[in-house]
Structure formats: structure tokens, C-alpha cells
Amino acid sequence: MNRLSVLRLNGVRRFSWSKSALIRAPFKNFDNDRIVSGGKSISFNRNMPNNSRVKAWEKDGEDKDTWFRRKYAHVHAKQKQVRQDKEAARAQKSASKNPELSPDSKQIRRNRPPKENPLEERIFGAQAVLAALKANNREFLSTLYVHNPKDKHEEITELCKQRGVDIKLVDSKNDLNLLCNNNVHNGYVLKAAKFQTRELAALSRVTSEGVFSLTLQDYGVRSEEQLEVQRLNGKYPLGVYIDGVSDPHNLGAIIRSAYYLGADFVAIAEKNCAPLNSVASKSSAGCMEFLPIFNVVKPLQFLETANENGWATVAAVSSVAKKHADRELLSEELSPTLLEQPCLLIVGSEGDGIRKSLLDRSSFLVSLKGQRKDLDSSVDSLNVSVATAVLLRDFTI
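With UniProt numbering, the residue at position 91 of the sequence shown is 91, and numbering never jumps.
Incorrect hints may appear among the rest.
[To be verified] Derived lysine-lysine pairs resembling DSS-like cross-links, with alpha carbons at most 27 Å apart:
#1 Lys93 to Lys71
#2 Lys59 to Lys115
#3 Lys78 to Lys64
#4 Lys168 to Lys150
#5 Lys369 to Lys356
#6 Lys194 to Lys93
#7 Lys322 to Lys194
#8 Lys115 to Lys173
#9 Lys64 to Lys115
#10 Lys134 to Lys168
#11 Lys150 to Lys173
#12 Lys80 to Lys93
#13 Lys191 to Lys161
#14 Lys173 to Lys93
#15 Lys134 to Lys194
#16 Lys134 to Lys152
#17 Lys271 to Lys322
#18 Lys168 to Lys86
#19 Lys134 to Lys173
#20 Lys86 to Lys152
#21 Lys168 to Lys152
#22 Lys191 to Lys115
#23 Lys115 to Lys194
#24 Lys168 to Lys191
#25 Lys173 to Lys161
#26 Lys86 to Lys55
#27 Lys161 to Lys150
#28 Lys71 to Lys55
#29 Lys323 to Lys369
#30 Lys373 to Lys271
#31 Lys71 to Lys59
#32 Lys150 to Lys191
#33 Lys173 to Lys191
#34 Lys369 to Lys298
#35 Lys134 to Lys191
#36 Lys194 to Lys168
#37 Lys150 to Lys134
#38 Lys152 to Lys191
#39 Lys194 to Lys173
These are computed hints drawn from the structure, not numbers from a lab.
All values reported here derive from a predicted model rather than from experimental measurement.
Using the sequences plus the hints, can you model the full thing?
Here it is in C-alpha cells:
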């Protein structure tokens with residue numbers, strides 16, 4: 001039986017493989033180029049067109065690498081020389097404009113940001129940089145990158161000299177954009193150590209006016225730290241506890257309001273809040289450097305201890321449920337409460353608010369009422385940073 005059977009169906013030639021052909025196909029003596037049909041040998045390759053081209057290096061009798069190197073090496077050399085000449089001219093032009101131009105600017109001017117040191121961050125913005133230099137609370141302040149300086153430049157420069165900070169001028173705004181991930185930098189980027197906070201374990205009982213103590217914990221060892229009330233005509237301390245605020249812009253805005261309106265400290269939940277990074281520093285306008293800020297590892301235990309030690313823990317909510325009406329505190333009652341005992345204002349996440357476990361452990365609940373007749377039901381609250389500012393103002397008036 002032949003391997004290939006030729007059939008005629010309706011006058012059209014059809015090719016089909018026979019069973020014997022399928023059986024013999026795997027063997028090594030099967031010829032793929034020649035197939036027997038009707039006792040004759042048929043060559044497929046003979047009838048197929050051959051369009052293979054002779055390569056240029058084959059015509060010249062050379063291998064591919066040698067042929068390309070001989071033909072195009074001079075072109076690459078010329079292009080390299082032209083590129084080097086352009087870079088030299090650009091560097092000379094920049095140096096003539098600014099003789100103090102940083103040599104790092106050429107390395108910065110890539111389309112990707114430089115590698116970050118895990119132990120440092122880049123503070124950006126004139127006010128944030130100025131505050132970091134003034135407070136000098138960070139472990140180190142290394143290098144200040146400047147482009148087209150304007151406001152507060154003399155003050156910043158003088159502080160850099162006092163702190164031993166190197167000043168490097170760059171010739172392109174894009175250099176600073178890469179350093180601060182395209183945030184608004186106002187021409188200043190400062191390399192500094194990351195912002196560090198200490199763990200706040202408990203709020204101690206206030207025994208004398210104008211002074212209060214905090215129980216701090218470092219590596220399992222507890223210690224007491226005494227602070228003074230910084231609010232004008234302040235008798236008892238006022239603190240802010242932040243839980244679940246995931247936006248660093250909101251976090252920075254809360255810290256700015258707390259500092260300006262006389263809060264004595266800010267405590268932040270360690271596990272579910274935004275980091276205290278350069279974005280939060282810029283949003284706080286540098287207030288993050290001046291205000292005592294702590295992290296809380298065990299918030300439930302922290303609130304329970306605060307209540308036991310005579311602190312009024314006031315949770316800010318969008319509206320007070322009827323079942324909690326006995327704990328509702330009106331906004332106009334906040335100031336009298338602070339005159340009688342120390343207070344801790346609790347604010348929660350932008351979407352879900354304060355967790356139920358924290359609400360159950362709060363002494364009072366307070367909400368802000370809308371003042372419009374035609375207030376739409378979809379607008380039921382303020383932004384968390386704005387609401388915090390309003391409530392802090394109610395505490396201090």
C-alpha cells in the first residue's frame with residue numbers, strides 16, 4: 001500500500017495519508033523530501049520555489065561580525081564624537097551661567113529618579129526645608145539641592161552653614177523633579193534622615209496646671225517625659241489622636257492645624273495611618289518638625305488608660321447615633337470641658353470614620369452640624385483635616 005493515495009472527487013485531485021503511511025512515518029528510513037506515489041518518486045523540493053538570498057557578507061567572503069565592523073564602525077565613531085562634543089558644550093554653557101553648579105546634576109538628569117537610601121528621605125518645599133533646618137531634630141541633614149532660589153533663600157543658606165549642610169546648585173528644574181517624584185518643591189530639596197517617632201504607651205494623670213507627663217516606651221523600657229502646656233492661657237493639655245488616616249496630605253494638614261491651634265502633642269496609630277514622610281511634611285508646612293509627635297502601638301489599651309487617668313477622650317463622628325445620645329457633646333461644650341480636665345480629640349479615617357472599638361472606649365462623641373437649609377444628603381461631613389481644625393478651634397475659644 002502506498003504512503004500517499006491520490007483520490008479524485010468530482011474531478012478534483014485530493015491527497016490523503018494511508019494507514020500504512022502513518023505507521024511507517026516515525027521510522028528513520030522515512031524520506032520527507034521524496035514520497036512515493038503510484039510507483040514513482042515525487043520530489044517536493046524540486047517543485048517548490050527557492051527564494052533564498054545571498055547575504056552581503058557571503059558575497060564578500062566574510063563572516064557577519066567582521067563585515068558589519070568594517071562597514072559601519074566609522075559611523076558609530078563619528079556619532080559618539082558628535083555626542084561628546086554636544087555634552088561638553090552644554091556643560092561649558094551651564095558652568096558659565098553658574099560656576100557653583102553641582103557635578104551631581106549630570107547624574108540626576110536622567111529620566112528615572114536616582115536610587116534612594118533607605119535611611120534617608122528628601123524633604124521638598126521651601127517651608128518644609130526651612131523648618132527642618134530650624135528644628136534640627138533629625139539624625140542628620142546632608143545635602144541641599146537648589147534651583148532658581150527665591151523666597152527665604154538667605155535664611156536657608158545661613159542655616160545650612162550653621163548645620164554643616166552642603167549646598168549644590170542644579171541647572172534644571174527637572175533635576176529636582178526627579179529627586180522629589182515630581183512634587184512641588186519650590187526650588188529646594190533637602191536630603192535628611194527619616195522622621196522618627198517614639199512610642200507613646202499611656203497618658204499619665206495630670207497633677208498640676210500647665211504641666212503634664214507622658215509614658216513613653218523604648219525597646220520595652222518605659223519612662224516618663226514631662227511637657228509644658230503650650231496653648232495660650234492653657235490650664236490643661238490638649239492632644240490629638242489620629243487613627244486610620246491613610247492620605248499623607250490629610251495627615252500633614254491635621255498636624256499643621258494642631259500646631260497652629262495650640263494642641264500640645266499628636267499621637268498616630270502605628271498600623272493603619274499614612275507614614276510621616278516628606279509629603280506629610282510638605283502638607284504640614286514644616287509643622288511636623290516642631291510639634292511633639294508619637295506613635296501608638298496598642299490604641300485600645302491607650303484609650304482605656306487615658307480614661308482611667310482622668311483624660312476626656314472625645315471622638316469626632318459625622319453624626320451621633322441615638323443609642324449614644326447620653327455621651328454626645330455639643331461643639332460649644334468643648335471649651336468648658338477643656339477648662340475642667342485634659343482632653344484628647346480622636347479623629348478617624350476619611351471614609352469609614354473611627355473604628356467601633358475606639359468609639360466604645362471614648363468618653364464623649366461630638367459632631368459638626370451642617371448650616372445649610374438645602375444641604376444635599378450626599379454631603380454629610382467635612383474633610384477630616386478641616387473637621388479637626390474646626391473642633392480644635394472650638395476647644396480653644
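- prompt: Are the Cα positions of Lys93 and Lys71 separated by 27 Å at most?
  reply: violated, 36 Å
- prompt: Does Lys298 lie within 27 Å of Lys369 when you go C-alpha to C-alpha?
  reply: Since the Cα atoms of Lys369 and Lys298 sit roughly 32 Å apart, the hinted pair is violated (cutoff 27 Å).
Proposed proximity, Lys93 with Lys80 (alpha carbon, max 27 Å): Holds, because 20 Å separates the two Cα atoms, which is no more than 27 Å.
query: Is the hinted pair Lys115 and Lys173 satisfied, with a Cα-Cα distance of at most 27 Å?
result: holds, 18 Å
- prompt: When you check the alpha-carbon spacing of Lys168 and Lys152, does it fall within 27 Å?
  reply: holds, 16 Å
- request: Quickly compare the C-alpha distance for Lys168 and Lys150 to 27 Å and report which way the hint goes.
  value: The hint holds at about 15 Å.
query: Between Lys115 and Lys194, does the CA-CA distance stay at or below 27 Å?
result: holds, 16 Å
query: Taken at face value, is the distance from the CA of Lys191 to the CA of Lys150 at most 27 Å?
result: holds, 19 Å
- prompt: Does the alpha-carbon distance linking Lys369 and Lys356 stay inside the 27 Å limit?
  reply: Given pair Lys369, Lys356 holds - Cα atoms ~21 Å apart, limit 27 Å.
task: For the pair we were handed, Lys64 and Lys115, check the Cα-Cα distance against 27 Å.
output: Given that 27 Å is the threshold and the Cα spacing comes to 39 Å, the pair is violated.
- prompt: Is Lys168 close enough to Lys86, meaning Cα to Cα at most 27 Å?
  reply: holds, 24 Å
task: Given the hint that Lys194 pairs with Lys168, test it: the Cα-Cα distance must not exceed 27 Å.
output: The hint holds at about 21 Å.
Checked against the numbered hints above, the structure breaks hints 1, 2, 6, 7, 9, 17, 20, 26, 30 and 34 and satisfies the rest.
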